[in-house]
Amino acid sequence: MTTYRPPARAWALLTWTEAKLVTRDIAGLVVPLFLPMLIMVMYGLGADGEGTERFRGVPAFDAYVVPMTLVMVVALIGMVNMPAVLAAYRGSGVLRRLEVTPAPPVMILVAQVLAALAQVLVGVVLALLVARLAFGMSMPRDPLPAIGVFCLATAAVYALGMLVAAIAPTTNAAVAIGLVLFFATMALGGGFGPRENLPDGLAALGEHLPYGAGLEALSATWTGVAPDLRHLAALAGAAVLAGAAAAKTFRWD
Amino acid sequence: MAVVEVEGLCKRYGETVAVDDVSFAVERGEIFGIVGRNGAGKTTLVECVEGVRRPDRGRIRVLGLDPSRDRARLRQVMGAQLQGGALPEKLRVGEAVALYRSFYAEGADPARLLDELGLSAKRDTAFENLSGGQAQRLSIALALIGKPRIAVLDELTTGLDPRARRGVWELIEQIRDSGVTVLLVTHFMPEAERLCDRVAVIDRGRLAALDTPGGLIARLDSPQRVRFRAAAPFDAAVLTGLDGVGEVRTDRGETVVTGTGNLLHAVGSALVRHGVVATGTRLETATLDDAFLALTGRTPGEEPTGESGEEEPA
Chain Z
1 MTTYRPPARA WALLTWTEAK LVTRDIAGLV VPLFLPMLIM VMYGLGADGE
51 GTERFRGVPA FDAYVVPMTL VMVVALIGMV NMPAVLAAYR GSGVLRRLEV
101 TPAPPVMILV AQVLAALAQV LVGVVLALLV ARLAFGMSMP RDPLPAIGVF
151 CLATAAVYAL GMLVAAIAPT TNAAVAIGLV LFFATMALGG GFGPRENLPD
201 GLAALGEHLP YGAGLEALSA TWTGVAPDLR HLAALAGAAV LAGAAAAKTF
251 RWD
Chain C
1 MAVVEVEGLC KRYGETVAVD DVSFAVERGE IFGIVGRNGA GKTTLVECVE
51 GVRRPDRGRI RVLGLDPSRD RARLRQVMGA QLQGGALPEK LRVGEAVALY
101 RSFYAEGADP ARLLDELGLS AKRDTAFENL SGGQAQRLSI ALALIGKPRI
151 AVLDELTTGL DPRARRGVWE LIEQIRDSGV TVLLVTHFMP EAERLCDRVA
201 VIDRGRLAAL DTPGGLIARL DSPQRVRFRA AAPFDAAVLT GLDGVGEVRT
251 DRGETVVTGT GNLLHAVGSA LVRHGVVATG TRLETATLDD AFLALTGRTP
301 GEEPTGESGE EEPA
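In order, the protein sequences belong to chains Z and C. Using the working numbering, you'd call the opening residue of the first sequence number 1 and step up by one each time. Using the working numbering, you'd call the opening residue of the second sequence number 1 and step up by one each time.
For the record, the hints were derived by calculation from the structure and aren't laboratory data. Even for Gly, the Cβ is constructed at its ideal location relative to N, Cα and C. Take these hints with a grain of salt, some might be off.
Quick look at which bits of chain Z chain C covers, simulated, 3 or more residues with Cβ under 8 Å [unchecked claim]:
1) 5-12
2) 17-31
3) 97-110
Produce the complete structure using the sequences and hints provided.
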């Protein structure tokens, strides 16, 4: 007798179902999709569209504001929205209920990650469209590395989000921890203005946290230089460390 | 062959012994009740049977499978309804059933199952908008969607109004009649008495008794009760000496006589002989509630039983 495993169809259906649930949570959609875009538009309205020397002739809006917006989208979804959903699933017994079905527990995590990724994709496409159509944004000079860097940054913030979901005792705690983490990494990473304005120690710290590292590496692809290995290593390190810690501490009930 | 075999099961959490040396066997096609107060260890016991918890000691076989080691196979043949198990708030009834159906190799037809459970009209209703009874019926649907050979139902009717509860009871009988063995966990004795073929009484982690509801009731010393109100105070001695009379108690004007044999006749004629005018005379036969209280050694006044205790989380 071979052990039955749910077919690919079950994985696909669970992912599709989770994605539908994401679209029904209007409040959960508005913040990560439109808050970053609003901030981007405010910057865009004040920008002159002139290339700057600092970004090798690329306007600061293209090379700094847009990458910052994209990192904000993925960080909000990965570190706040996704952990909140998973903590709610644990708190209300959704995970317990799944435990007595043939669906392996990791299935719901995979489905949740994929559904959140779809949400990220929508947010990124919307932000790029608005930046392009309204403010004439130029695309990254190195498009493939840009995609690679974004994937790495996604892995880093998702791993942190999983860690939040693992340690948060309640849904409210998950939202609180996620938001603190988001704003802290954003403030230190240059999301509230250039990091040069921060004390040196904090600036250096923020540069190596996922928000700052993701922003720097993504910005580099817009200007056409190779991303600094330190930033890539910081992102990979966050993904591996936080991911491992989350796997070790995740509770199902 | 027994569908569920439990031998010498023990489970403790730190210093607390939740299940202490419990053994029983559930036969094919029966509704087997596990009854006990909140915190008696019922849920821990079935969680071991479901493979959600690993027992400290003892042997469990469900359709020949070890729940701890053969979890994946067990999941295919067992449907479970968990106490405190839930669905995402925005998930709709039809989506939930279709999703759970996809987890199983073989299973019931979702549309037909919803129809049988009276949920067809609620197909597009989100879980958060279901009434308590509807949510419980959906929970039963999800436990049955994989066409299980055994269904474990934990505190299924807790929090339901009497009408919804009756509806759920009828469903459980239909499940049994379709050939599924049912393991029913409850602390509500009228439910166990109405549904169960056999009942295991769990008290403080131990198996206090295992019998049919009728068998448990027949074990009582005084399976009958006569209640009446005397028009004027009378001497209880006119009743206590009678054949078959056990205890005579008067509380707030109502006298309760427990005993055996032709109790109503014996009490009635003694009252007439001594010129005691009685009104509202009623004969009550013992229920599983009485048997449960006798077995677990607590008097009815000590703790609310049955429905009034239902709101406590376990």
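Index of numbered hints that the structure contradicts, given in increasing order | none
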